[in-house]
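Make the full structure from the sequences, and use the hints.
Note that the protein sequences, when read in sequence, are chains A and S.
Counting with the working numbering, you get residues -11 to 386 for the letters of the first sequence.
Counting with the working numbering, you get residues 8 to 378 for the letters of the second sequence.
The hints are simulated quantities; they were obtained by calculation from the structure and are not laboratory data.
Ideal Cβ placement from N, Cα and C applies to all residues, glycine included.
A hint or two may mislead.
Pairs of lysine-lysine residues, derived as DSS-like cross-links and limited to a Cα-Cα distance of at most 25 angstroms, are as follows [to be verified]:
no., chain 1, residue 1, chain 2, residue 2
1, S, Lys25, A, Lys228
2, S, Lys25, A, Lys227
3, S, Lys25, A, Lys384
4, S, Lys259, A, Lys227
5, A, Lys0, A, Lys228
6, S, Lys127, S, Lys61
7, S, Lys330, A, Lys227
8, A, Lys227, S, Lys24
Have a look at the derived ranges for each label pair, beta carbon to beta carbon [to be verified]:
no., chain 1, residue 1, chain 2, residue 2, range
9, A, Ser83, S, Trp364, 14 to 24 angstroms
10, A, Pro51, S, Ser179, 39 to 49 angstroms
11, S, Leu368, A, Pro262, 17 to 27 angstroms
12, S, Leu303, A, Gly357, 48 to 58 angstroms
Residues per chain are reported as follows:
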Amino acid sequence: MVRTRMKVTYLKMELKRTGKQIPALFAGVVLLLALSGTAVFLASRMLYAGTVVERIRVGISMPEQDPLAKQVVRMLSTLDSVKSICEFSYMDRESALEALEKGDVYAVLDVPENFVQDILSGKNTPVTIWTTGHMGIEGQVFRELADAGALTLSAGQAGIYAGNELYHFLGLDESIAQLELDLNSQYMEYGLQRSVYFRHQNVQATGDIGVIPFYEISAFVLILFLAAIPVSGYLLPWKKAMAEKLKLAGISIGSQVGARIIGMGVLLFLGSLPVILILLMTEQLRWSGILAVVWPLSCVAASSVVVLLYRIAGNHLGGIMLLFFVMTGQHFLAGGILPLVFLPHSFQMLAPWLPSAILMNSMKMAVSGTWDNKRAGACVILIIAAWLAGILAERKGQ
Amino acid sequence: MSEGFLWFFLSCKRYLKKMSFFLILLTLPIATFLIRKVERTQPQEIRIAVCIQKEDTYRDENMEDSLEQLLIDNLVNKRETSGNSFFRFYQCEGEEQVKEQVASRRAECGYVISQGLRGKLDEKNYKRSIYVYSAPSTVLASLSTEVVFSSLMEVYGNELFQDYVLEQHIVSEAAASLGVDERQLNEEISGLYEKWMGNGSTFHFQYRQSGENGLYKDPQQILSVFPVRGLIAVYLLVVGLYSAVMLGLDEKRGLFLPLPYGRQRRCRIAVLGAPVFLASLSGFAGLVSGGCIQGLGKEVGAMAAYCGGVCLFSYGVKLICRKPEAVCSLIPLFLAGSLIFTPVFVDMGQYFPLWGWAGRLFLPWYYLRWF
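Encoded structure:
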């Protein structure tokens, strides 16, 4: 009974200590919200002002004296699929390569001399696409689109060239022009209306959410981790002498770590309060019983991870470095920044077990309004695992 | 000057004495090595489920030569034949399985191809003949339609050609006059389209990557998505800022009080620079193990200049804020700002030019622009 009372008193002391961290916590959170607001304002202003684009800038270098090539490339740039991803700038070869080096354009399409004449004659000198740096996601997407477009064009060309060869073999050279005209119009007819072939339908999986709510959740989880930085002074483990005295008073290491997790959880809850309020006021989130459970649970789970990291590091700088890795590397591998689909298979397999994924899945329940025992259970297991690991780290540290 | 070095050396020693700190420094190069190894051994693939609309027609003998089956075969073999596509199409038994694969996110999206596609195309009644199933969180469904369409054109292009030439009376008449019978003519026709598709003489793009000294080489085939350099740049900034917090705490404890006022600044900068230096060694090892090195001289120079910039910036922030708690509260701002506005994960400046300008407010932008 006495020990329990001591533990309750210790928890009260721990919570009192958290109170002192509130100004630093809110200073950090307010700055983060200001930054997020700036980002949202910039993005919305640019989108609604119509000045952007959301497209990759591509430089086109074409021979000066080739009006036919210009006409073909301009026609290509008006195709919906190309327009949706690329914005073409026409420039000479040197300026285009210079712009590429400076990063002003993402890629350069270097159209060779006699490009159209070569296509018509069957020579097909390739168009060179210059890129810079390593091939990122945008590069791979761009390449995939370009190759698909080239394959569509090739199909028509192969049909026409095959017809030419056949007619030549059969001695029908005088009919080749008509064949080219007929086949060309057929391939164009089938090739230019690509969107009508497809009918898009959504498949709703239980608890699945759209791309924008997903990234809002991802940002929320990042904010939970970021909010821990201004209060990092609170997270350091007790010095050896203090820990010993607490033990003598009946406060075990488990209780110390547990109380710290609860204290930090309260701080994260308070830190995330403005974010949740903004989401509720802008109707991007609806208040529900699930949110009332999932939100504090996620705060405690994030707190348990942060407390564990500081227990492992044992010092300020080490703690912040570990926290940085968790916030960025681990969050990235959990699919919080780039869609998981872009990551290697083993990372995709690993992702659901990472703390960020567990936290995001937990918050997804609040957004989708669907309770999932597995997701809530994973969150609880994360808290217990981090608490146990924290005890181990503390014992080793002492 | 030697006093500054002494303080710098002692500060390095002070940090390295903590085993956990040393291990964390080692974590970065080991982690980047392992991540890059996985990326190299497991090239990215985006799985897309495909099937023919009616379940019981799966691999039916009568369906083998159907256009829908030819299209599916072409899509399924695409990755092997083209070599650099990141889409992996795989055949499912039916529409329900495709939906289930998409709902469970085992497939990024799914395609269900109507039966009798050949007839629909011949009759020009092909509107909505291919169903695309995608989940709300899908990001690549619209891109993959371009790939499916180009595959369809590749397969159906042959049929368009064959149908056209076989319908021409002059072709059969000319073949007969040359003594070529119908069977021989069909054989001749059927191989011609594939010959032209496969001999590399049709239109294609060639890719080149701008390299050092004006030389150009083929682009890397491996898609590496983990942003090693970007993360290291932000990591050094965070270490620098936190080092300024530590400096503030040391000042509070009176560490510099025994020193004459004139010599305090250099010792303070030495104390602040020590963790940045150690983290930069770890970061440099991370760049090496992550395969990001672009010339040793350029890398060392850029890293040294960036570390100097980080130290000065952090010292400046500390001078302005004075209280270590205030510097600590600013770290999330600089960290999140660097992650959002500079090209660490995605170069948003490519899509939103103003975004790129906002990036200039954050130190990692300058380091990342060098590469």
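Check the following: the C-beta atoms of Leu368/S and Pro262/A are separated by a distance inside 17 to 27 angstroms. holds, 23 angstroms
Check whether the Cα positions of Lys25/S and Lys228/A lie no farther apart than 25 angstroms. Holds: Lys25/S and Lys228/A sit about 15 angstroms apart, inside 25 angstroms.
C-beta pair Leu303/S, Gly357/A: status relative to the range 48 to 58 angstroms that was hinted: holds, 55 angstroms
Given pair status - Lys228/A, Lys0/A, alpha carbons within 25 angstroms: Holds - the C-alpha atoms of Lys228/A and Lys0/A are around 21 angstroms apart, at most 25 angstroms.
Please check whether Ser83/A and Trp364/S have a Cβ separation lying inside 14 to 24 angstroms. Holds - the Cβ-Cβ distance for Ser83/A and Trp364/S, about 22 angstroms, lies within 14 to 24 angstroms.
Would you mind confirming whether the straight-line C-alpha gap from Lys25/S to Lys384/A stays at or under 25 angstroms? holds, 14 angstroms
Starting from Lys330/S, check that the Cα of Lys227/A is at most 25 angstroms away, please. Holds, because 24 angstroms separates the two Cα atoms, which is no more than 25 angstroms.
Please verify whether Lys259/S and Lys227/A have alpha carbons no more than 25 angstroms apart. Cα-Cα ~19 angstroms, so holds.
Straight-line alpha-carbon gap Lys227/A to Lys24/S, limit 25 angstroms: holds, 17 angstroms
Is Lys25/S close enough to Lys227/A, meaning Cα to Cα at most 25 angstroms? Satisfied, since the Cα-Cα distance of roughly 15 angstroms is no more than 25 angstroms.
Outcome for the supplied range 39 to 49 angstroms, where the beta carbon pair is Pro51/A and Ser179/S: Given a distance of about 43 angstroms, which is inside 39 to 49 angstroms, the answer is holds.
Straight-line alpha-carbon gap Lys127/S to Lys61/S, limit 25 angstroms: holds, 16 angstroms
Violated hints for the displayed structure: none, as all numbered hints are satisfied.
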